[in-house]
Every structure is written in structure tokens, then in C-alpha cells.
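Note that the protein sequences, when read in sequence, are chains A and B.
Heads up, the first sequence is in my numbering, so the first residue is 1 and it goes up one at a time.
Heads up, the second sequence is in my numbering, so the first residue is 101 and it goes up one at a time.
In case anyone wonders, no lab produced these hints; they're calculated from the structure.
Restricting the straight-line Cα-Cα distance to at most 27 angstroms, the calculated cross-link-like pairs of lysine-lysine (DSSO-like) are:
| id | chain 1 | residue 1 | chain 2 | residue 2 |
| --- | --- | --- | --- | --- |
| 1 | A | K17 | B | K126 |
| 2 | A | K26 | B | K117 |
| 3 | B | K147 | A | K47 |
| 4 | B | K117 | B | K147 |
| 5 | B | K126 | A | K47 |
| 6 | B | K126 | A | K26 |
| 7 | A | K26 | A | K47 |
| 8 | B | K126 | B | K147 |
| 9 | A | K26 | B | K147 |
| 10 | A | K47 | A | K17 |
Being a predicted model, the structure only gives us computed values, none of them experimental.
Protein chains: 2
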Amino acid sequence: ELTMNGGRCSCLRTTDKIVFGPNQLKTIEILPASASCENVEIIVNLKSGRQICLDPNASQIRNIFQQLINSPLETSN
Amino acid sequence: ELTMNGGRCSCLRTTDKIVFGPNQLKTIEILPASASCENVEIIVNLKSGRQICLDPNASQIRNIFQQLINSPLETSN
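Can you make the complete structure from the sequences, with help from the hints?
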């Protein structure tokens, strides 16, 4: 998923599907578009250590952000 | 701004004001509400190394997220 070899962008591939549950979520990182990478990149860090790149243009992903930021304590873990 | 001493939440204080320019922005981290911290936390990492916690409930902050994800540099790669 991620390229750590100094490639310009961090994400090789992105997905527009949420393939993890809220309890698996550790952090989400947003890397704004920059000189080194023209895409906004959204990197999900899971508790398992796995990293997933989300497609910021996918409507489902944008909706998730709304829910995430508006979420009262929904997680039951 | 941040507590790294194992306190429950990462953010001691949050701000609802954007006090940095887009080019100062390195990454934004979203920490979902969890058992250890009941707040959604939004941590801005600036290129200067400084970290700022944003208030996820502030409408201005939510708007920023919309703009960030819809940022003009939308290339169709």
C-alpha cells in the first residue's frame, strides 16, 4: 500500500471501500497536497499495524469523515 | 498542547481557530474516540514541528476538512 522508498506520494494504491471496523482504527493521517505529492492522501493506521490508503475523492470516504468528526462515543471497545 | 505522559487524551487544549497557513501543514492526525479517550482528537503537525489540537466540534474546523479533501489540486491520476 505505502511506498517508503522516497517515492513522491505515500500511497501506491487507494481504496474507496472501508474494509475495517471502527474498533480496528488507531489513527487517520491526512497528508495535504504538496510539492512532493499532488494528491491529498488519507492513510488509515490500524491497531494491527496495517496501513490503508483511502481515496479522498470517493463520496463514501467523505461521509465517513463527517461521521467520524461528529461521532459521540460510538465505539464500544 | 499535547500530553505525552500517558494521560488519557492526547490534547490538553484545543483551538477552533486555524492559526497556520496551508503551506505550514505537514500532516493532520485524527484519533477516533476510544476507551482511553472519549473525545475525537484532531492533531495538526506543522512543518515547524509544532503540534496543534483542533476542536472537532467547531464548525470552522469541519469546513476546513471539506476544503482539504476537496482541495483544488484534484488531478485525475
